[in-house]
Structure formats: structure tokens, C-alpha cells
Amino acid sequence: MSTVTALENTTQAAHAKRPIGKIVAISNMSVSVLLDSYDISVRDIIYVVSNGERSYFEINNVNGNIANAIPLSYVYGLSKGLDVYVREGGLRIEYSDEVLGKVFDALGDTIDGTIIAEPHTKNIYEKNLSMAEINIKGDILWTGIKVVDFFAPLQKGFKMGMFGGAGVGKTVLVKELINNVYTGQGSNSVFVGIGERSREGRELFDEMAASDLLSKMSIVFGQMGENPMIRSRAAYSGLTVGEYLRDEKSQDVLVFIDNIYRFLQANSEISAELGNMPIESGYSTSLLTEISEVMERINSTESGSITSFQAVFIPADDMTDFAVNAIMSHMDGQVALSRKIAEKGIYPAVDVFNTTSKLVSVEGVGERHFSLVERAIAHFARYEDLEEIVAVLGIDELSEEDTNIFYRARKLRNYFTQPMFVSEKYTGIPGEFVDIADVLNDVENILSGEFDTLDEGEFYYIGSVKREL
Amino acid sequence: MSMDEPSTKLSDSIKEKIAAIKTEENVYGMGRIARIRNYIIEVSGLEDVGFFERVVVGDKAEGYVSRIGRNQVTVELVRVLSPIFVGDEVTATKQPFGAYFSPSSLGHVVDMFAEDKIAGSIFKDREPVGAVVEPIPIMDRTTVSRPLYTGLAVVDLLYPIGRGQRQLILGDKKTGKTQIGLDAIVNQRGTDTVCIYVALGKTKKTVKEIYSDLLQRGAMPYTLILTAFQDDGAPALYRTPAVGLTIANRFMQEGKDVLVVIDDLTLHANIYREISLLADKVPGRDAYPPDVFFTHASLLEQGCQYHNGGSITILPIVETRGGDITDYITTNIISITDGQLVLSAKAFEQGQKPAVNFGLSVSRLGGQVQEDLLRQMGADIRRELLSFLETREVFELANIDEMSEDMRNQIIRGRILLEKMNQYKFSPLAPTEIRTRFEEMTV
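Top to bottom, those sequences are chains W and E.
If you read the first sequence in our numbering, its first letter stands for residue 305, the second for the next number, and so on.
If you read the second sequence in our numbering, its first letter stands for residue 266, the second for the next number, and so on.
So here's chain E without its partners, still in its complex pose:
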């Protein structure tokens, strides 16, 4: 009996449609599922649906229109609550697809529908927010010049971050990428900054640990953890960063400073590739869709110092493999962001924390966002450090005792500098403390 249920439905669907056409009944606002492919469905009917309109499959699932063909409409499902079948009725809602945000959700772990993931309930005062980002006009931006302190000496001194800057954090697995984002969030306490941590495809356990870390250090009152778990499905994972940035934009429009950590864009690129291939899009380099650069650029271009004084600072995270920072997605994102902090597995193993690769890391804004206090010191120390690392590499096997005095001094000073960059997690230093720590090295 249950075996032939779908086909019964299918033939019903055809009969109904033919009957509807015969009687010229309105089939415009509704349709029926003709094909199911993972989370992508083809729908017949829905003749006057709009592009990116929210549609629902009864109370079983909801999604958005991603293509309107001459005969069928493609829908990507963002939420599936119970199994769907070919022939199920699909209804248009006349509303653009959107996400939700509740002003009272700061301090909580939520998804794009403003559901509190720990309490398991939806915020009552949730308001619709867009799920696509719109470009911020060039002329509405102003110069990025105010510092955003992370409390990490290596960042604030050598690769400073300004409010409105996009600074990429990249490195292999287990090199401390997320930790830098969390350190930066914790250090915003008392600065009137709204922090949004976007967790993509993290395990529920990991997100709970992050929540507990931030809670313990008093960072949750001004922080929103926006999450899409791996089992929430690809379209939800794909859309969540845009939702995070739309929420950030809302705060920025009110004149607030916002810090957004996106953890991570490598997964985002892979999810987007999956959706695109399933939707029969033409693949590009490494099978990623050709507009993967644009996808990331439109997200990260939301980072800006706005003319009303508000700002969005973004710390996107990218995971590399085998320390290779020259792969397609990584170089794409490097070319979008205003600098990158490269973490190296080798430095991590040698006990250097944060495990920054000094040669490959850069801040394109540099001294422009530093206070006078740290600017000159940072420039001098960075130059000395790079020169030391180069010398150390060329004379790797040389005996330090047989070197010229100049060179020996350079090596010894370099080692001390490296040592001073070490900092344990969640132990932030204020700019004056950083200055004190390195003062003796500038003579």
C-alpha cells in the first residue's frame, strides 16, 4: 500500500493540474513537487512566484526560489521538519525569503531563525532580517583609522586591526585560529562593541564549549553566537554568514561598532560548491562555482567604517591544508581582505603561541590604525624580526659562536623578541602593557 503511494500522488497531481487548467482555476500561487534531489526540489506550478521568494511545503519544509525555469521552479530547502514526497503541495508566500533576529538574543546561541539553540525555543520578539547582503556604496564609507585591540601583542603591535578592517586568520587545523577570534571578542569587554561569532558546521559540543568560554570571561552579554550545524543542511549553512552580516549591518546603521568572526569560510566555499554542483551549475577551478570569489567578496565587503561612526570589523577564518596558503579559495580571500594573520603548524609545535608566521602575515592598513604609542615601535620591531628570521634561515647551520659580533647580537635579540611574542590564551594585554613589554628592545 505504502509502496504505490508516491505514484498515486503523482498521478493525482497530474490529474489535478489538468483539471485546474481545464476549469482555468488559479494554479499560480501553488505547485507540486516534481523532483527531489537532496535539499533541492523542482516544483511544477508556482507560475507567478518571485525570484528568492519564500515558499513552504505545507508545514513540512520551507525554502527559497533559486531559479524560475520556463516549465519548472527550483527551490532550495533551508528547513526540513519532516519527510517530503513528490506530489506534495508547495505554496508561495508573497514574501522574500528572510531570516530572523531578536534584539534580546544577545548573550545566546541562535540560528538564522532566531531559535535559541540551548533553550530550544524561538524568541518571541524576533523580527525579519534579510538573508542577502547588498553592497555598501563607496561614498558611504570613510577611512578605517580607529584601532580594534585584540589584546594580543603580536596582533596589536605588528599586524594591527582597525575598526572596519577585514583581517583574515588562516592556518592548518589545530593552530589556534578560532582562539584568536575568541581572544578578540573577549577583549571587547567595556568597549561598547557588539560581537557576532558565526559558527559554521561546528559540532554542537564545540559551540557549547565556545559559549561556556565566552560566558566565563564575561563576554556573552555583548555577544551573539549565530550557528548553523552540519545537520542543518547546506542551504542554511550557506546563508548564515550573510544573515550574520545583515544583523551586523543593522547595528552599524545605529552607529555601533560590530566585530564579526566567521568560522570558517573554507567550509562555506565547500558547501557552496556542493549546492552549485547539485543545481547543475557550470563548475570552475577545483570544481568551485565561478562566482565563489564574488560570493565571498560580497560578504566581506560588508566590513567598513560607516559615515555615521558605526563600523563592521570582520575576522574571517580560513583553514589551510599542509600549510599551503596558495590554494584557490585561500588566495581569493587573501585578495579580498585587508591583511592576513597566518598561523603555522611548525611554530605551534615549537611552542610559539599565537603561532604566527611573521613573513607571511601582513596588515594592509598597518600604522594607519595604530595609536602613536605603538606605531613606530611596531614598525621597527617588525622589520628587525623579519631581518632576523631571514638571517637565521640563510645561516641555519652556522655556529653562533663563530659569527661576527653584529650577527650574533642580531640572532640573540631576535630570539628574545620571539620569546616576548608568546602569550597564553585569554590573557589580554592593554596597549600600554604591550609597550612596556617591548620597551627595552627598542634601544
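For reference, chain W alone in the conformation it holds in the complex:
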């Protein structure tokens, strides 16, 4: 991090200021400052000048005349006794139409080489919405991804979590959603990259630019090679941009976050470096507060909506992980991806038993859709039992009813694979957007035996059956 323009712009007069204290201790991710004045508070931004370069810090806690602060970059080379100055305004990001088509880092600076001539910035720690402001209504939003629309349909204003362990296809699913929903919607969107691969960040930027979508999108990156403060604060910065589009431009905004787990992970690194007592698995003591602070800001209001798609990493494939569950409780819908299914070459590797949304009800999607979901899940559940029986005794030992369930469930499982637009280059099969009406018909036909004569292989990586025949 060489220059911090967004920070510099906010307080030009800072130079003339008197130092507010001196550095008295330094560790990897924190510095202690001996304060001259008590006029300093949590989340204030301070800086020191060393070798002609400024290093910024955010105040984390104040104890009498000692303040502990977390570096926004690195502490290499800093020494005791350096003078500390304060910057008013705290962490800020652009809050105007200038955000569109640009790439920011977590601290509000553009990193794509563009310059904002007249910045209008806003502090990234916005207060939460009040209950009165939150709008819970919204139209259904179809994604064209069969397994999502069928098992976990969503409406505008929903928070959708894509849960999965390492390498089971979360990012591909998020990218397909960007492709299908964002392209179809026509409104602005925000992509927040938290603690993920820089390579993917770069590819997303290139793909958006190549398909002329960049001008309607804002991107905020705090990727995995960056220090934890940058990764953590990317979440707040990204949301501030989303709020601008919702509140000032009255839009239905899509916010894609890849990956929200990394936000909590970064916070746990910071918390540990400050020597705070950890909770289970080393997470930050204030994990529940931190996740609420971010999630409560993602809501629809009377002026506009924010629909968010958030990838959630599952560490060590442990669905009972505390952070994962904390995130899950904020979601309106969830798509769970499983390694066991990915292993069989079935993508998206959705675990249907853990994939659902608040909309799956007779009131939400209608009686037909609802009862088909119930029937499909019953088939899959029975199939799991039968699979073991078949492995031991062979298929011939099953009753006729079970034999039907066995084969139909396999067809259904194959049917819920889908060629994706974003993985064309990998699979060589062109992507498909499937209409929900076709999905319902096909599922009904498979379950009722209409397709019993078709080979199960014919359902593998297709769109709708109608189009195949």
C-alpha cells in the first residue's frame, strides 16, 4: 500500500497538526500508543510517518492513556517513539455515481488506475437500519439454475448463502449467478471480494469488462494475500457502496460477496493478535456482534432493495462450525454444496437435504412446486437407504416400488446437474438458463414415471428435457 488517497483527501490540513502521542510497543498486527490527549476513540484513524511513508492504523481499544491500534498495512521497520497523528473522518469510501465501473480496495482507494476528481466520501461504519425502515416484500427472482430455483427459490431482498467446503464449487456458483441474475436484471450491482484468490478477482474484472457489464458494477477487493484489516474492512466498504445505490439511486441492487466467512476469519486473526481470549476454534470473542453488524445492513427499504448472494466457506468440512452457523442464522435461503456429491462429478454439487429457502411453502411458490419439492426430497432420502442395500444385495432384491424410486432418484439427481455458462471453457458444453416452468414439468415427469424408458445418462448435464428431445 503506497498511498492512501481516500484518506488523504478527507483531511488536507492534517499536516499542520500536533502529534497526539507516541508509539510505545509494536507487534505483528498491533501498536500501542501513549496518548497526550484523551480525545481519541475506537475506529479513529491514526498514522505515523517513517522513511517518508505514512502507515495508517485504526484504534481498536483505549485504556487510560494507552490506545491499541491495528495497522491497515504492515509494521515492518517501525520503531518506538514515532510521533502519531490523527485523521478525522475515519475510514471512508466514495459515495457517488463515481463508484460505478471502478475497482476499490478495502480502504476506499481505486486500484484500477482511475482517479476520482472530486471525491464525495462517506464513513464505512454506517449505523444499522431501524425495524421501521426494513421492507420485507419482494418479487420472486428466478436464477435459471434448476437446483437453486427448485429447492431454494428466492425473492428480491433475500440473503442467499452458498455454503461449501474447500473446492466444491462455491465460486463457480456465485459467478453463474452473476451471469444469470445480473445480466437479466439490468440494475447496478456490487461485488465484494473478501479473502479470496487474487487470480479470480482479476478474472472477474476481465470478464465483466469483456461482456460490457463493468460500467454498471462496483468492485471492492480485500483478497487473501492482504493483511486481516484489509480483508475485514472490505465488507464494510462494499456495503457502503451498495447502500449508496439503494438509498440514493433507489435501485434493486445485487450484492455478491465472496466470501463472507473470510470476514469473520480476518476478525479472528486481529482479535488474537490483540491478545483477546478466543472462543471455540480461535474465533473472535465478538464474532456474533461482528456478523450482525454487517448482515443487518443488508436489507431492503422503501427506496430500494439489496439482494445478496454470499459464498460461505466451511472450514475442515465442518457444518457445525461456530462461524458458519452464525452466518447461517442470518440467511433467508441457503444452498449447501457437498464434497461427497462433487466427488461423483455432479455439479453444482448441491446437497438437497440442506438446501432450502423461506419461500419454500404453499404461500411462497404455490402448491404444485411445493409438493414436488416434498416428493423429490422423499425420493432422495429413500435412495440413500436403497444405495446401501443395492451395494450389498444387488438391484434385483428390491421391490418394484423401490426399484422405481431407485432409478427415478438417480435420473432426478442427474437432471439437477447443469451446464453452466461460466464453466463452458472447462466442460466444453454450452451453458443453459432453464425456465422454472420446464423444471417443474420435468421433475413431475421423472417422478411419475413418464421418463422411465429414458436412460439415466441422458439427463446428465442437460437444460430441460423438452429441449433435449
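Hints are computed from structural coordinates only; laboratory data are not their basis.
It is possible that some hints are incorrect.
[Unchecked claim] Derived, one-sided and incomplete: chain E residues facing chain W with beta-carbon distance under 8 Å:
#1 Pro486
#2 Gly549
#3 Ser652
#4 Phe653
[Said to hold, decoys possible] Covered stretches of chain W, as calculated for chain E (at least 3 residues, CB under 8 Å):
#5 414 to 428
#6 500 to 510
#7 579 to 587
Here the structure is a predicted model, which means the values were calculated and not measured.
All C-beta atoms in this analysis are idealised placements derived from N, C-alpha and C, irrespective of residue type, glycine included.
For chain W, the structure is supplied; the task is to place chain E on it using the hints.
Just chain E, lined up with the frame of chain W:
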């Protein structure tokens, strides 16, 4: 006499310091050891030392400042040449801690100080290089699209690696992980690629064997073996991968392609845990420090296709236990890399070499880094293979003679495919040879 020597030194130290303060002498650039805990020392004095500055304990030891407390400074020792005692004088050098690299060390086995481990001498033309990695900006990267051929059919066809990709190799002990890295290095002959093999905590014998393997196959002229042995101490082991990547970065900045094999990150994680616990850091999951993910991410994020045409491809190795790829460190690294090649002990025992687990292995870049020649063929064969393995599992006990003809054919073809994936070590196949080998299977 020797019994009370340390305490004499200690009281001397106190007296000297008090005397220095009384006469307002400068105690800023020096200090004295107050506490020794393995390779971590607490130093009093050193008032104006910088974070991560290189400090020396006379000519006995050197290390870096890892914490500056209000009263004491913590130093991690990277090199200890002779025993140190409480009260020993510690001097600041005004230089950031760094490692060394010599351009003429290609072809040799060296440590992070550019010491030739076989000749036992330090390279005269060594130059300082950083011992910490800095993030490579997103906008300085470009798309990973050029293939890096390993010469292994199973990799180049099914799980291809691109220049700038990070492809994890993981598996239990003795499943051939290192061999895949070495095969990839040997296959770079004639491609103008610089290879760096980072050997962490390997025995001296093992490193010598690897050196001899690479030398015999003509791979050493373009290869650097960077090693930290188990007895070099934890801080050296911990820092060495970063040094390897800093050297790689230097070549990349010159527009070169670099291949880095890190063998292995499981040991690295364990070493980092040891240092962190000894330094009283708050432990996280499985007692690893909470920033162990970041530590590995910042290393592996050095892998990239750079805008000037150079690239760093990284093949990190992770050792699993009992075939469990879902433990904390393994899933962390899977979620950083661009794909993983999973080796299975069961397949190894059944004679399949390389012992790849097809279901669990993946390349996130896939066809994007393959030449047209192999792309479609690879996608088709991978799909057929996975479908065969699934069928074989479900109908494990079924009699092949009583199966439908379709299914019997699928099983027979699947077996042939598996057979064709077998390849002996150091016998690379060119892409055209791979194509020929599998041509008959695509009809």
C-alpha cells in the same frame, strides 16, 4: 566458578544499564539478553530498534525482532552458531532482516543465506533478498492460460496445470507426492523455466538423493534446491518458503517463468504453530495460530501470471493422515490453491501410479490452460472415468457377466482407461504422445 557465571553476567548487565542511564549514555542500539526460551529471546535495551530488524548476538547468533514491547524486545533467532547466555550483548544492525541469493547458485543445494550445503561454503556473489512476501496487486496480474506440462498423462490430460497456477499435491506418506513435483521439474528441461525446489525439514540424505535424481536427469542446471533442515531451527524453517518465493519473484520480474515446489506446507504449519505457542500467541483451531490461513495465503498468492509475461507456478505439497483431506490445514490450503491433485494410499497399493484419486482431484482452471489438442479429449475422458468409478462403486458386488451390455462395456472401457493412466517415474510424455495413447478411447 562456571556455575555462577550467568548470574555474574546478569548483575553486571543490571549494573551496566543503571550506570548507562545515570550517565545518559546511549543504550539505544544495544541490549542484553534477559530471557532465553528455545530460539526466542527477550532482550532489554534496544530502545530504537525497528520491527523485523536484523539483530546479532555478537558472532554467536542472528535473528529478527518479532515484537517490540514497552519494556522488552522479542527476538527470534534464525541462526545460532554457538551457545548464548542471559546477559549476552545484542546489537541492532539498522537493516531489515533478509536472506541471500546468489545468481550463480542455480544447480546447487543452498539455504536461505546462500550457503552451498554440499560444498559447505557461502557464495561470494550473494545479494540480499527479502524474507517476507508482499502482495502482488490484482491489476498487475493477467489471465492464467499457458500450459505447464508435467509430462504426466493424468495431470496434463485430466487436471492440467497452467503457468501461474497453484496446484496442490496432497496425500498420505509414501504416496508419491514429491515424485510428481520432481517429474514436473524434470519435464521443464528446454522450456527456459527456472525451478525452485523448497525442501523443508527433509533429512540431509533425502535432499542429497533428490539432488542426485535431478542431476542425473539433466534438471539441475535450471534448478535451485532451497533447503532448511530440521536442525536449522524453527524460524529458519518458517521463513524459507517466503525466501524461495522472493527469489522466484525476482526471476518473474525479469519476465521468466518459474516453477516452485514447496515440500511441504504441513510441516510449515506445524513449525509456525510451535513458534506461535512459544511466543505466547493466542491459539486457534487445533492450536494453530489464527493467522495460519493468512500465512499460507500470502505465500501462495505469489503464484501468478504477471503482466510482463513472467509467471510463478507453485506446486505446494501437503501431507494428510489416514487419507483425511478434510482436516483444518488441508482444507485451508485447498481453498487457496487453484486445484488439487489428491493421491490415495489405496490406489498406490493397487499399483496405480501416479496414485491419483480421480473423484477428489480437480483443476479449477481446467481447459482454460490446455491446448486444443488435449482440451476436449481431457473433458470427455474425465467425465467417462468418473461415471465409471461411480458405477463400479454402486455395483461393487455385482457379477460383470450378468450386467447389461451397456454397463459391461462401460466397466471394461473404464478399466482400460485406468490402465492407460499408469506411468513410471521420470518417463515423461509429450502432449502429442498423450494424445496418441488415448486416441482409441475417444471413439
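Item to check | Proximity test - 8 Å, beta-carbon atoms, the region 414 to 428 of chain W to chain E, at least three hits | outcome: holds (count 3)
Hint check: is the beta carbon of proline 486/E less than 8 Å from a beta carbon of chain W?
Given a least distance of 30 Å, the restraint on proline 486/E is violated.
For the hint on glycine 549/E, does the least C-beta distance to chain W fall short of 8 Å?
At about 2 Å, which falls below the 8 Å cut-off, the nearest Cβ of chain W leaves the hint on glycine 549/E intact, so it holds.
- Grab the minimum C-beta distance from phenylalanine 653/E to chain W and call the hint holds if it beats 8 Å, violated otherwise. At about 10 Å, which exceeds the 8 Å cut-off, the nearest Cβ of chain W leaves the hint on phenylalanine 653/E violated.
Within 8 Å of chain E's CB atoms, at least three CB atoms from the region 579 to 587 of chain W: coverage verdict:
holds (count 7)
*asked:* Given serine 652/E as an interface hint, is its Cβ closer than 8 Å to any Cβ of chain W?
replied: holds, 7 Å
### Task
Three residues minimum, CB to CB under 8 Å: does the region 500 to 510 of chain W make the cut for coverage by chain E? Let me know.
Holds: 8 residues of the region 500 to 510 of chain W have a Cβ under 8 Å from chain E.
Hint compliance for this structure: hints 1, 4 are not met, and every other hint is.
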